[in-house]
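First to last, the sequence lines map onto chains A and B. So the mapping is simple: my numbering equals the position in the first sequence, first residue as 1, plus 3. So the mapping is simple: my numbering equals the position in the second sequence, first residue as 1, plus 2.
FYI, nobody ran anything at the bench for these hints, they're computed from the structure. Think of the CB as a built atom: it goes at the ideal place given N, C-alpha and C, for glycine as much as any other residue. Any given hint might turn out to be false.
Said to hold, decoys possible - Which bits of chain B does chain A cover? Going by a derived footprint, with three or more residues having C-beta under 8 Å, they are: (1) 28-34; (2) 38-48; (3) 55-63; (4) 70-83; (5) 89-103.
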Amino acid sequence: MAFNFQQDSSKIGSSILIIALLLVSLACVTIYMQEGSSGPLHVFQATVSGSLAPAKAASGAISHAEDTLQDTISDSSADASTLTALREQNEQLRSTISDLEEYRQEAQRLQGLLQVEETYSVNGVCARVLSRSNNAWNQVVTLDKGSNDGIHAGQPVLDAGGVIGQVASVSPATSEVRLLADPSSGVAVMVQSNREEGIVTGSLDGVLYLRDLDDNAQVNEGDVIVTSGLGGSYYSGLMVGTVVKVEGNQGDTSRKIIVEQNASASPLEDVLVATSQNSDSSDSSATSSTTGDDN
Amino acid sequence: MQRETVILTIGAIIAVLLQVILAPNIEIVQAIPNFLIVYVLVSAMLFQGNGVYIVAFVLGLMGDLIGFGPVGALAFLLVLGAFCAQHGFNVFNNGTVFVPLILIMGLSLIIELLYAAFALATGLAASPLEAFLTRALPCTLYDCVVGLILYPILSHIMLSNQTTMGSSTPRARLR
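With the hints as extra help, turn the sequences into a complete structure.
Given below as structure tokens:
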């Protein structure tokens, strides 16, 4: 009988422990959802994530080695048709660069005429991507700079190709960046050709979708998508990507527009966390306009 | 400290390191294995006692903290998962690897589905079907592969450290 009593006590103890742990977990979830991004649990999350930076750096080194190995295998097995395709692509890119230079100069002249301040000049902090996301549900990468370097949550992160994401949280020495491909990401954008505004969002399948566009807006494959600056999260004029597929016709409410992101966040890659945006003086725009007129 | 507790603790630390260092590099079609889920389920089947629930809670918290999910969600699910794995194993164990594998498969799917529900409830912009097909299901399959590797290793470690008592599967008691 005493033995049965001991067994029952043990079972009751286990049950109490399990219930207590479940309640604490639910309390944590509730507090996490109610508090803001500067709440204690969010700060603790950023701190713990930052403390694992050495392990994440090791992961990044493995990723980089993997990518290099893949490239080597791919290059060594490239056949003649692949090389031909690459040469053709190179020629097309050269032509595009030339066209873009013309457009840039024209845009400078037009900006001077319209007295629109020049955008796209940003100040920032250079950082290196330590590792990829370790969770299938969140596309978050870690940078090796944090609040000690002037980085704050909400700042856009760029690389040479354009926007890669936004700082989600910071610790003193590291930052977590939520990528554009994350399902929770969204950025106000516009189609560069016709200034139609919409929102680019990520998805679980890793594809970027252009949404909230006017149904009658004209969007074609190849259209360049840049940030519009609306909402204040991202500076305007930052490169996001290119439209690669339009499913549906102009006027369809269910039209699906897929955007291929121009930038990527690979481990050990250098990125720029934009901390402020320069607004060039109108004098330089007027000078450009004058120069353009002379031409 | 008992040897089984040491094994359980060291295994938990290794699971966290594997999740941070290895998991991002073995992603297949956007599916990333969750070593924490697999380790909790396997250790719940091999270890008796309350220590498993504490490890499940701590590993769940760690998973949320390093994975950027809602803090407490995975902890909640892993404690429940450990409870179900332990009792399910006690009831259905027949000394083969089939029962543990079925339990790992079923419970990891349930955990991934419930985590998807947490994510959707806390703002994930996706449909339930999309969450199931693109994340929960592929991650479950990956977890099963990891479980198939981890279970024999951990049971072999237990077998070498403890005499069995009328069962072909080693069980450890944590006080």
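**OP:** Could you check the structure against the hints above and give me the numbers of any it violates, in ascending order?
**Re:** Structure breaks hints 2 and 5.
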